[in-house]
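Going down the list, the sequences are from chains A and B.
FYI, our numbering numbers position 62 of the first sequence as 745, with every residue one higher than the one before it.
FYI, our numbering numbers position 81 of the second sequence as 82, with every residue one higher than the one before it.
Simulated from the structure, these hints should not be mistaken for laboratory data.
One thing to keep in mind: the hints can contain errors.
As the list claims (entries may be wrong) - Which residues of chain B face chain A? A few of them, derived with a C-beta cut under 7 Å, are:
| no. | residue |
| --- | --- |
| 1 | N32 |
| 2 | R42 |
| 3 | G43 |
| 4 | L44 |
| 5 | H46 |
| 6 | D93 |
| 7 | Q99 |
| 8 | K100 |
| 9 | F103 |
| 10 | G104 |
| 11 | Q105 |
| 12 | G106 |
Stated by the list, open to error - Below 20 Å or equal to it, Euclidean Cα-Cα: the simulated PhoX-like pairs (lysine-lysine) are:
| no. | chain 1 | residue 1 | chain 2 | residue 2 |
| --- | --- | --- | --- | --- |
| 13 | B | K57 | A | K784 |
| 14 | A | K754 | B | K100 |
| 15 | B | K27 | B | K71 |
Since we're looking at a predicted model, the values are computed, not measured.
We put the beta carbon where it would ideally sit given N, CA and C, even for glycine.
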Amino acid sequence: DGGITQSPKYLFRKEGQNVTLSCEQNLNHDAMYWYRQDPGQGLRLIYYSQIVNDFQKGDIAEGYSVSREKKESFPLTVTSAQKNPTAFYLCATLSDRGSGKLFFGSGTQLSVL
Amino acid sequence: SQQGEEDPQALSIQEGENATMNCSYKTSINNLQWYRQNSGRGLVHLILIRSNEREKHSGRLRVTLDTSKKSSSLLITASRAADTASYFCATDAVQGAQKLVFGQGTRLTINP
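Whenever a hint applies, use it, and build me the whole structure from the sequences.
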């Protein structure tokens with residue numbers, strides 16, 4: 684079955700620690716996105732990548748980093764510079780430029796110990 | 002930046018009633034989409050309406066778009082308990098890259 688796999692589902696970060704959230708897709712979609720969702724809020728764009736080896740900052744990129752070495756993978760690192768990392772993180776892919784429809788993974792809940 | 006403002010923030014109705022949610026946005030758009038999110042899960046695409054369309058239907062869903070007022074509404078008819086979820090509108094700006102900007106959502110509760 685085609686889809687997006689985010690792992691882990693739950694992640695805990697200690698002070699000063701970097702953590703990496705995984706996002707893997709087998710949909711053969713070019714564009715991938717990371718969104719952050721705070722409780723009771725909408726989604727805010729962290730980073731996006733329209734093609735391998737290229738990515739752009741979204742609205743709240745500070746304290747985060749990404750890489751896009753393979754089409755299938757778009758990992759997000761939450762660095763120690765992100766002072767308020769507790770949130771629900773969602774990865775998505777763009778089905779095609781014509782439809783603009785996003786497919787989402789099931790999310791990773793990150794909490795600070 | 003959050004382009005969409007959704008109204009109401011929360012809505013609670015009885016099963017079988019209709020639910021209407023509204024979304025307003027600020028800039029010109031290519032299209033507007035609605036997504037559903039069950040608690041603790043990812044978002045699921047429901048319906049897309051393009052800027053040159055005024056109304057669209059999909060099953061029990063009806064979406065309208067008024068570009069002159071920069072607003073959209075989502076109507077769910079004959080609601081069911083399984084419709085309990087948060088609903089988000091998302092816009093794709095005309096001059097932006099291929100990225101969606103989401104509203105803050107309406108939390109819908111269907112009471113049996």
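Outcome of the hint check:
{"no.": "1", "hint": "N32", "in the structure": "holds (6 Å)"}
{"no.": "2", "hint": "R42", "in the structure": "holds (6 Å)"}
{"no.": "3", "hint": "G43", "in the structure": "holds (3 Å)"}
{"no.": "4", "hint": "L44", "in the structure": "holds (5 Å)"}
{"no.": "5", "hint": "H46", "in the structure": "holds (5 Å)"}
{"no.": "6", "hint": "D93", "in the structure": "holds (5 Å)"}
{"no.": "7", "hint": "Q99", "in the structure": "holds (6 Å)"}
{"no.": "8", "hint": "K100", "in the structure": "holds (6 Å)"}
{"no.": "9", "hint": "F103", "in the structure": "holds (4 Å)"}
{"no.": "10", "hint": "G104", "in the structure": "holds (5 Å)"}
{"no.": "11", "hint": "Q105", "in the structure": "holds (4 Å)"}
{"no.": "12", "hint": "G106", "in the structure": "holds (5 Å)"}
{"no.": "13", "hint": "B/K57 with A/K784", "in the structure": "holds (16 Å)"}
{"no.": "14", "hint": "A/K754 with B/K100", "in the structure": "holds (18 Å)"}
{"no.": "15", "hint": "B/K27 with B/K71", "in the structure": "holds (7 Å)"}
Checked against the numbered hints given earlier, the structure satisfies every one of them.
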